[in-house]
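S.K.: Here the structure of chain Y is known, so what remains is to put chains E and F in place on it, guided by the hints.
Residue numbers (our numbering), protein chains in the order written: chain Y, 1 to 291; chain E, 1 to 323; chain F, 1 to 242.
Please keep in mind that the hints were generated in silico from the structure rather than gathered at the bench.
Ideal Cβ positions, reconstructed from N, Cα and C, are used throughout, including at glycine.
Just so you know, not all the hints are guaranteed correct.
Incomplete in silico selection of chain F near chain E, CB under 8 Å [stated by the list, open to error]:
#, residue
1, Leu57
2, Gly69
3, Gly73
4, Ser77
5, His78
6, Asn86
7, Phe95
8, Leu96
9, Ser97
10, Arg151
Distance ranges between label pairs, derived from CB positions [claimed, not checked]:
#, chain 1, residue 1, chain 2, residue 2, range
11, E, Asn282, Y, Leu180, 43 to 49 Å
12, E, Ala164, Y, Tyr79, 44 to 50 Å
13, Y, Leu158, F, Gly175, 55 to 61 Å
14, E, Ala37, Y, Phe114, 39 to 45 Å
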Amino acid sequence: MLQQAIVSGLVFGLYFTLVGLGLNLIFGVMRIVNIAHGDFLMLGGYAAYWLFTLFGMSPFLAAVLVLVVFLAVGWPLYYLIVPRLQLARDAEMLSLILFFGLSQVIEALATIAFGTTEHSIPGRVLGIGPFGLLGAMLPKAWGVSALVSAIAVGAVALYLYRTRLGTLTRAVMVNRDEALASGIDTNRVSAIAFGIGIALAGLAGVFAPFMLGSMTPSMGVDVNLAAFAVIVVGSLGNPLGTALGGMIYGVSLLLMQTYLSSWANLLPNLMLILVLLVWPTGILGREVRRA
Amino acid sequence: MPDRAEPPRAGIASSPMRARGWRDLAFAGAPLVVLAAIAPALYGNQLLLFNFVTFLALAQGLNVIYGFTGYLPFGYVGFFGAGAYGFAITVMDFHLGPGAGMAVAAAASVVLGMILSPLLRLSGAYFAIASLAAAQALYDIVSNPALDDVTKGPYGVSLSSVFAPDLSYNVAVGIFAFATLLVIWLRNARFGLALRAMRDDPVSAAMAGFPIVRGRTIAWLLSALIAGLAGGAYAWHISVFYPETAFDISFSIFAVVFTLFGGAATLLGPVCGVVLLYGLYNAIGITVPQYFQLIYGLLIMALVLFLPDGLASLLTRRGIRVP
Amino acid sequence: MSRDAAPILEVTALVKRFGGFRALDGVSLSLHPGEVLGLVGPNGSGKTTCINVISGLYRPDGGSIHFAGHDIGGLASHALARLGINRTFQSPHCFLSLTVAENVAVAAAYGNGGEAADSDRVLAELDLARLADRPAGELNSAEQKRLDLARALATGPKLLLVDELAAGLNPTELGAMAERLRALAAGGMALLVVEHLMGFIDKVTDRVIVMNAGREIFEGRLAEATRDPTVVQVFLGRRHGG
Chain Y
1 MLQQAIVSGL VFGLYFTLVG LGLNLIFGVM RIVNIAHGDF LMLGGYAAYW LFTLFGMSPF
61 LAAVLVLVVF LAVGWPLYYL IVPRLQLARD AEMLSLILFF GLSQVIEALA TIAFGTTEHS
121 IPGRVLGIGP FGLLGAMLPK AWGVSALVSA IAVGAVALYL YRTRLGTLTR AVMVNRDEAL
181 ASGIDTNRVS AIAFGIGIAL AGLAGVFAPF MLGSMTPSMG VDVNLAAFAV IVVGSLGNPL
241 GTALGGMIYG VSLLLMQTYL SSWANLLPNL MLILVLLVWP TGILGREVRR A
Chain E
1 MPDRAEPPRA GIASSPMRAR GWRDLAFAGA PLVVLAAIAP ALYGNQLLLF NFVTFLALAQ
61 GLNVIYGFTG YLPFGYVGFF GAGAYGFAIT VMDFHLGPGA GMAVAAAASV VLGMILSPLL
121 RLSGAYFAIA SLAAAQALYD IVSNPALDDV TKGPYGVSLS SVFAPDLSYN VAVGIFAFAT
181 LLVIWLRNAR FGLALRAMRD DPVSAAMAGF PIVRGRTIAW LLSALIAGLA GGAYAWHISV
241 FYPETAFDIS FSIFAVVFTL FGGAATLLGP VCGVVLLYGL YNAIGITVPQ YFQLIYGLLI
301 MALVLFLPDG LASLLTRRGI RVP
Chain F
1 MSRDAAPILE VTALVKRFGG FRALDGVSLS LHPGEVLGLV GPNGSGKTTC INVISGLYRP
61 DGGSIHFAGH DIGGLASHAL ARLGINRTFQ SPHCFLSLTV AENVAVAAAY GNGGEAADSD
121 RVLAELDLAR LADRPAGELN SAEQKRLDLA RALATGPKLL LVDELAAGLN PTELGAMAER
181 LRALAAGGMA LLVVEHLMGF IDKVTDRVIV MNAGREIFEG RLAEATRDPT VVQVFLGRRH
241 GG
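Isolated chain Y, as found in the complex (with noise of 0.2 Å):
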């Protein structure tokens, strides 16, 4: 049961990195916390369900659609926002209440659009039976979402260290100052950094149905704060950490479900505000404290 506990939670916590992945970079390139990330988890979610509904559409086409459209909304979205918003004196909290709002206008869209019935997309989809893992048994539908992520981690990593545009990301992401200062377009930058986190939320959304169950428009909230204990474990601002944090969460988290089930629920709130207070630069981090 321990072994079972522990390669699931493995394999949970590769999902939990990618619902965690495109928070971190937003806020490690722009210190900019996206409220509205779970939000954008959830569309999504929806856009895989509509897609497989109405036209039978496998959730891999859907995922190359979703990064795509997500890409093409998220990039412009920065412009629109942003800029202005790193004007004002204190940018990070303004920015936490306006993708509050943001959050807010997305999920009562949703609501309006989709109801607040919920929705799922059948396992069986991605894959009939569960298959063995180093002495575990897992769902198919599990295998491939962790694969998923997997690939998508492995190209965020090679954005960032095999590119040029990679390098010039870290550049802000150290210091966006001197960034700017040393003549990178550190707009330009952030908007395909924007993009990139909002496509991978709506990529992790695609495989949600699959590794969260069924969907309602207000799930944004406790996806939120399931990804910022991922990031926050994982370390803050530090994307590659949040593979760490990933593997850290699903591994609690099934541990809980295994040994402590109806308490589980507790988990992620629980370790978000425990790591923030006892070890608040997270596993390879920075500082988020004051006096």
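M.R.: Leaving out everything else, chains E and F in the frame of chain Y:
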């Protein structure tokens, strides 16, 4: 009145500021409270009026911590829920009266505030999110079926034995009055001034001699107390409720939006926010809350981009002081 | 100048580490009432860290700090302010949403343990009286620097730590500021001044300590420092080279 009790210690807590405080009380605070108290005689829907008063108290309570210290607790509803369940458990499990219930509601929220006070070490966004996580965690605990014997878990509580709509309404008005007095005091006393200084620059405020940890903790506990009392009165007034009603994140959201909209760190800003927006909410109708959610979502975005200091700043910008 | 009296500030073998880096590596200094001590040295030599530790912003990792006979190492800033230690910041830390008068009022109300402080006089002395009702956020940087100093003075300090107050001031403002600091010292206040502008240091200080890499490499008059071979190599040499 000359400052005999408090020698020239503070050039500021002196006559002009004190006079301003009395003026705010006489011309803004007191009339509002009186209006809230006599409203049931003028308008029949007591539950609606009760909700207005509850949001007035919550918005001012949030104003105490957000307006004066800059800490924005998205999980503010946690204190409200703690108060509601503190009241319910006292009445339900210990068979005590509503007076004891209100005392426990107050104590529960203050104790919760103390437990969470280490969160104040976190800066802006982290504090906001951590407080939300704390409220969710508390909800998960209260609604857990394993605690059925104590909280009735997810099945909700019924407090019909102490049901007293008129009395509980007046208690809610009393809580609003307390919150109003608190905000007037903070706006016109050196403690509130020091809190605002700390909001701008904690390092420099400490260097000015202000004990910042104690200061922000006091503001936090006062703010928690108001929400806890409001939660207790809420439990008393509506009498039947579920964990998801008492810990509904909408309480936090509404309190935040109303306060921001009207203008934090003023007395009248949050009041305007509640009256206009909660009025709008009820006009649109609770049957389609999504439309209201959409409107206030857009409103928040517009506020942050164009009017980050709320309606009150339209006047203060022109040099007009808003109480 | 009462050189024979006991020092008001006595720092002994002060150590401050950041991770593995020793920002202060055994600094000792003492300061008498009415004396102005300059702290000079290249960037990163530990001058500002020294002020930050004495003013309670950082906790010392070793050594001791005595102020007027009390051991004050590790006390919180607000407690130090009430004992009579205050400081200005390299980039001014004003309460930007408060008015100029309110900025000073907070310090006057909380900073001097019940003794009277005349906010109006402080404002007038620093040429801020006409700006009293303006929000601090609207001031220019020279005015904010003066306000930062006013906030410190409103607490009635016996020891004032001054961190690069002169940077960014024009020559007239510089001269006025130097005179102001001398006047404070003449009134019995002890001052510790960190500054890059040697002309300003020369005008203001009685004595300087030259620091390098967290250690003291010279103590004495500025004129002698410029003839000290170690100092020339470490500090002035680098300046000419740079």
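S.K.: Does each hint hold? Answer for all of them.
M.R.: Against the structure, the hints:
1. Leu57: holds (7 Å)
2. Gly69: violated (20 Å)
3. Gly73: violated (17 Å)
4. Ser77: Nearest chain E Cβ about 4 Å off; hint holds.
5. His78: Hint holds; His78 (chain F) Cβ to chain E Cβ min 5 Å, cut 8 Å.
6. Asn86: Check passed: Cβ of Asn86 (chain F) comes within 6 Å of chain E, closer than 8 Å.
7. Phe95: holds (4 Å)
8. Leu96: holds (5 Å)
9. Ser97: This hint holds: Ser97 (chain F) lies near chain E, its Cβ roughly 5 Å from the closest one there, short of 8 Å.
10. Arg151: Hint holds; Arg151 (chain F) Cβ to chain E Cβ min 6 Å, cut 8 Å.
11. E:Asn282 x Y:Leu180: 43 to 49 Å: Since Asn282 (chain E) and Leu180 (chain Y) have Cβ atoms about 48 Å apart, the given range 43 to 49 Å holds.
12. E:Ala164 x Y:Tyr79: 44 to 50 Å: violated (56 Å)
13. Y:Leu158 x F:Gly175: 55 to 61 Å: Hint holds: Cβ distance 59 Å, inside 55 to 61 Å.
14. E:Ala37 x Y:Phe114: 39 to 45 Å: Cβ of Ala37 (chain E) to Cβ of Phe114 (chain Y): about 44 Å, so the range 39 to 45 Å holds.
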